[in-house]
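Here the protein sequences line up with chains A, B and C, keeping their order. If you read the first sequence in our numbering, its first letter stands for residue 1, the second for the next number, and so on. If you read the second sequence in our numbering, its first letter stands for residue 1, the second for the next number, and so on. If you read the third sequence in our numbering, its first letter stands for residue 1, the second for the next number, and so on.
Be careful, since some hints might not be right.
Claimed, not checked - Derived Cβ-Cβ restraints for the label pairs, each shown as a range:
no., chain 1, residue 1, chain 2, residue 2, range
1, A, Ser64, C, Ala586, 36 to 42 Å
2, A, Ser64, B, Gly144, 47 to 53 Å
3, B, Leu30, C, Ala586, 48 to 54 Å
4, B, Arg145, A, Lys98, 32 to 38 Å
Claimed, not checked - One side only, chain A facing chain B, incomplete, derived with CB under 7 Å:
no., residue
5, Leu36
6, Ile82
7, Phe99
What the hints assert, rightly or not - Which bits of chain A does chain B cover? Going by a derived footprint, with three or more residues having C-beta under 8 Å, they are:
no., stretch
8, 5-17
9, 29-35
10, 40-50
11, 54-61
12, 64-74
13, 91-97
Just so you know, the hints here were simulated from the structure itself, not pulled from any lab data. In this text, a Cβ means the ideal position worked out from N, Cα and C, and glycines have one as well.
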Amino acid sequence: MNPSAYLALAAVLFCLGATGVLLRRNAIVMFMSVELMLNAANLALVTASRMHGNLDGQVFAFFSMVVAAAEVVVGLAIIVQIFRSRRSASIDDASLLKF
Amino acid sequence: MTAVFWICALLSVAGAFGMVFSRKAVHSALWLALTMVNLAVLYVSQQAEFLGIVQVVVYTGAVMMLFLFVLMIVGVDSSDSLVETIRGHRGASIAAVSALLVLVVTMVSQGMQTMAINRDPVGLARANSDEGGNVQGIAKLLFGRYVFAFEVTSALLITAVLGAMVLAHRDRIRALPGQEELSRQRLMNPATAAGLPAPGVYARHNAVDTPALLPDGSVAENSLPGALQLRGVAHDVREEVAVTRAAELAADPTQAQEDES
Amino acid sequence: MTSSPALLVAVPLISAAVLLLAGRRSDRWGHLLGSAAALASFGLALATVFNLASQPAESREISQTLWRWIAVGGFNVDVSFTVDPLSAVFILLITGVGSLIHIYSIGYMSHDPNRRRFFAYLNLFLAAMLTLVLANNFLLLYVGWEGVGLASYLLIGFWQHKPSAATAANKAFIVNRVGDFGLSIAVMLTFVTFGSVAFPEVFAKVDNASSSTVTWIGIALLLAACGKSAQFPLQSWLLDAMEGPTPVSALIHAATMVTAGVYLVARCHPIYDLSATARAAVVAVGAITLLMGAIIGIAKDDIKKALAGSTMSQIGYMMLAVGLGPIGYVWAIFHLLTHGFFKAGMFLGAGSVMHGMNDEVNMRRYGALRTAMAVTFGTFAVGYLAIIGVPPFAGFWSKDEIIKVAFEHSWLTGGVALLGAGITAYYMTRVMLMTFFGKARWADDAHPHESPAVMTIPLVVLAALSAVGGWALLHMLHLESWLEPVLGHGEGELPFSSSLLLPLTLGVVAIGVVAAWRVYGGSAEIPVLAPRGSWFIRAARADLGGDLFNEKVVMQPGQQLTATLVRVDDSVVDGAVRGIGGFIAALSTRLRQAQNGFARSYALVMVIGAIIVALALAMVRFA
Chain A
1 MNPSAYLALA
11 AVLFCLGATG
21 VLLRRNAIVM
31 FMSVELMLNA
41 ANLALVTASR
51 MHGNLDGQVF
61 AFFSMVVAAA
71 EVVVGLAIIV
81 QIFRSRRSAS
91 IDDASLLKF
Chain B
1 MTAVFWICAL
11 LSVAGAFGMV
21 FSRKAVHSAL
31 WLALTMVNLA
41 VLYVSQQAEF
51 LGIVQVVVYT
61 GAVMMLFLFV
71 LMIVGVDSSD
81 SLVETIRGHR
91 GASIAAVSAL
101 LVLVVTMVSQ
111 GMQTMAINRD
121 PVGLARANSD
131 EGGNVQGIAK
141 LLFGRYVFAF
151 EVTSALLITA
161 VLGAMVLAHR
171 DRIRALPGQE
181 ELSRQRLMNP
191 ATAAGLPAPG
201 VYARHNAVDT
211 PALLPDGSVA
221 ENSLPGALQL
231 RGVAHDVREE
241 VAVTRAAELA
251 ADPTQAQEDE
261 S
Chain C
1 MTSSPALLVA
11 VPLISAAVLL
21 LAGRRSDRWG
31 HLLGSAAALA
41 SFGLALATVF
51 NLASQPAESR
61 EISQTLWRWI
71 AVGGFNVDVS
81 FTVDPLSAVF
91 ILLITGVGSL
101 IHIYSIGYMS
111 HDPNRRRFFA
121 YLNLFLAAML
131 TLVLANNFLL
141 LYVGWEGVGL
151 ASYLLIGFWQ
161 HKPSAATAAN
171 KAFIVNRVGD
181 FGLSIAVMLT
191 FVTFGSVAFP
201 EVFAKVDNAS
211 SSTVTWIGIA
221 LLLAACGKSA
231 QFPLQSWLLD
241 AMEGPTPVSA
251 LIHAATMVTA
261 GVYLVARCHP
271 IYDLSATARA
281 AVVAVGAITL
291 LMGAIIGIAK
301 DDIKKALAGS
311 TMSQIGYMML
321 AVGLGPIGYV
331 WAIFHLLTHG
341 FFKAGMFLGA
351 GSVMHGMNDE
361 VNMRRYGALR
371 TAMAVTFGTF
381 AVGYLAIIGV
391 PPFAGFWSKD
401 EIIKVAFEHS
411 WLTGGVALLG
421 AGITAYYMTR
431 VMLMTFFGKA
441 RWADDAHPHE
451 SPAVMTIPLV
461 VLAALSAVGG
471 WALLHMLHLE
481 SWLEPVLGHG
491 EGELPFSSSL
501 LLPLTLGVVA
511 IGVVAAWRVY
521 GGSAEIPVLA
531 PRGSWFIRAA
541 RADLGGDLFN
551 EKVVMQPGQQ
561 LTATLVRVDD
571 SVVDGAVRGI
581 GGFIAALSTR
591 LRQAQNGFAR
601 SYALVMVIGA
611 IIVALALAMV
621 RFA
């Protein structure tokens with residue numbers, strides 16, 4: 001399968017993740033959409049590694065995964081903290097940074 | 001190859017749709033796990049075996065589990081309402097994302113048309129065999145050329161763990177009761193002075209939400225975990241007890257007078 | 001000393017400075033210092049003129065340059081004074097009549113606590129007027145011009161507590177300013193055309209200029225002269241200027257300052273010689289003012305205003321003469337001198353009458369004063385005979401010559417001059433009859449008495465000059481040939497036999513006198529309350545619409561223009577500024593609502609931003 005198909009798939013997954021970020025109000029589901037976007041990027045990287053014939057893309061994707069994991073840890077800890085003080089997991093509640 | 005691609009692609013897109021449009025958050029997590037597994041298959045199909053396994057182990061295994069844990073803490077029943085509070089946001093988002101998709105796909109296909117590696121990707125056969133395998137190849141790069149990034153990433157991980165611990169930490173309101181205190185509490189209370197019965201003595205059922213019955217037939221509240229007590233989902237076991245007892249009596253009528261005594 | 005004209009200016013100037021700076025300390029001797037300064041400058045003037053006369057006729061000139069005032073590129077102006085035959089007669093008139101009026105003022109202003117300040121201003125006037133006539137270039141003349149304007153303002157508004165006086169001073173200054181604008185234009189044109197503003201250089205090069213330039217310079221100078229000499233169309237200030245004390249009216253508004261316009265035209269006659277248009281304009285202005293002043297004088301009941309109308313008319317005669325060209329220059333100056341004598345004398349006489357009648361100015365409250373104030377009556381009568389042109393008094397000689405050259409120019413100008421003579425006779429006779437003859441119409445508390453000697457002696461001197469001065473100037477001092485090196489000489493042709501001129505003139509004068517006698521003389525009843533009068537009299541009382549014209553044509557449109565401009569400024573200019581501010585405020589109110597605080601909205605904006613970046617990349621890559 002030629003790599004452009006994989007890249008197109010990556011684009012579709014990325015956009016679906018973006019839709020999730022924009023449309024969902026639950027903080028955790030939003031976070032999961034961000035994870036989806038990161039996965040789409042990883043797919044593109046692995047495809048590129050195949051295209052160019054070296055493993056640099058895979059190493060890049062590996063690092064991306066590690067960082068995503070760290071990010072999930074800290075992000076979820078923050079969500080839990082917010083949930084404890086507000087009793088609500090909706091991101092629309094944090095709307096004080098406005099005019 | 002092609003069949004694998006198409007199946008996995010379709011499934012992952014389905015999973016993505018499912019994740020985005022599920023009402024319940026736990027369903028979203030499960031759909032996402034589906035997507036991730038399919039992506040792992042796609043990695044393996046592109047000769048990135050190490051990465052495929054890491055995707056399953058780390059992402060699907062660890063990260064998604066973490067998500068599920070937090071969902072449980074936050075409230076597994078929580079679901080978003082369908083009403084959009086920001087005016088025009090839904091339409092604008094769909095439009096923007098569609099535009100982005102069209103743009104990226106167009107750019108990619110335009111750019112890839114002329115590239116030779118599109119029709120004939122180099123492939124990882126040689127790269128994988130150079131070091132004697134995909135893992136060895138990645139290891140060579142990871143601890144060779146990218147060792148500095150590796151070290152920095154490990155520092156990042158440590159920091160993330162520390163951050164999580166700090167954020168999730170809750171201070172104790174009361175001091176932890178010490179051993180002397182616990183003994184005193186137990187001995188001063190007549191109900192527990194002689195020691196509580198071992199688990200299973202009065203149990204009627206091994207489900208956690210079914211309370212044990214005391215000898216006089218009343219429900220032993222201590223046998224239920226506190227959370228279930230509060231939620232009031234205790235399973236009333238006396239009906240089953242009646243059925244079982246009737247069956248026992250039918251088998252052996254001589255036990256009837258033991259009940260009345 | 002006699003070869004230093006600057007000294008003539010310096011003496012009264014220093015005296016003015018001393019009197020103003022010394023303040024109340026000098027109240028006791030201020031008037032004496034002022035009069036002494038005036039007399040000293042008269043003595044100096046006399047000596048200077050004798051010095052001048054001792055020089056040969058073709059090159060009679062005493063020059064003195066004090067310092068270089070302006071040296072900017074090609075523009076060089078010196079503070080330089082010149083005495084030549086023309087300025088010689090002027091300095092004698094100014095200092096001579098000025099000294100007499102200073103002495104008169106010692107008595108007239110004796111009850112005024114601000115007498116010292118009065119003398120300071122009078123001295124300031126003398127210095128400025130002398131600067132004007134002695135200046136050797138246009139710019140220094142302008143300094144003197146402005147100086148006399150300032151002195152006039154200060155003196156008209158001398159009684160500062162009277163609102164009418166302050167207003168009159170403002171009016172005089174403002175109307176003069178319009179004329180000064182003409183003088184500035186003339187100076188600028190002169191510099192641009194000739195490269196210099198000094199008289200000798202300008203008049204030497206005047207042939208090289210184009211005729212239109214010369215005409216414009218002439219018209220601009222005429223505008224200046226109209227302002228200063230109260231000629232049409234800038235005549236409205238002179239009658240209001242009578243708010244000032246009577247010596248002021250005598251000195252400034254009869255003898256000297258108002259004649260500065262005539263001096264200017266006479267001095268610049270090389271320019272007028274080359275432009276028939278400018279000359280025609282001068283003649284027209286003179287003729288119109290001549291008649292206008294006379295008609296106004298018929299209807300005024302205030303003695304000073306009647307005399308002011310007369311001044312306006314007589315200066316009209318002078319402008320008429322000076323506009324006729326070389327045939328008339330000398331006679332204009334001659335009439336200026338004789339007019340200085342008899343008009344100053346009559347004004348001082350009016351002041352004496354007012355002094356004796358508790359400062360009453362309404363002639364309807366006079367009557368039969370000739371026995372109560374005999375000296376005043378006698379001197380006033382001499383002036384009266386001079387002004388109406390009865391031989392051998394001074395006015396006869398000068399006015400007759402003007403009528404003669406007017407006829408030499410054309411029937412129209414001659415007719416106007418003759419008519420003016422007749423009307424002059426009428427209104428002056430009216431003044432005489434109403435004031436000194438007839439029945440006494442005095443107020444109950446009036447005790448007419450003769451003025452003290454300090455006031456009557458100048459009256460007598462001026463009366464003597466009015467009697468014999470004309471004949472003396474013409475035939476003993478040969479004024480014509482004295483002024484010829486400066487003003488040139490002209491010959492004209494009378495359209496009729498010259499022997500008809502004298503009877504014609506005297507006949508018209510007699511008609512005027514008789515007509516006035518019929519209305520005001522003998523046993524005629526002069527009502528104390530002025531009757532309404534015919535439309536003619538009413539128009540004359542309203543200054544023939546001079547003030548009305550100024551109000552309707554200049555003042556009200558000006559006020560409306562200002563109001564409109566203010567409105568435009570408020571609504572358009574300020575509105576635009578406020579509109580910009582308001583627009584920005586409204587825009588920002590709209591824009592800041594994009595910050596609604598929802599993270600998802602911001603995420604949407606980020607996605608849109610990403611699209612834009614991707615588009616830009618695509619453009620660059622694939623365009």
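Exercise for review: Run the structure past the numbered hints and jot down the numbers of the failing ones, going up.
Suggested key: Violated: hints 1, 2, 4, 6, 7 and 13.
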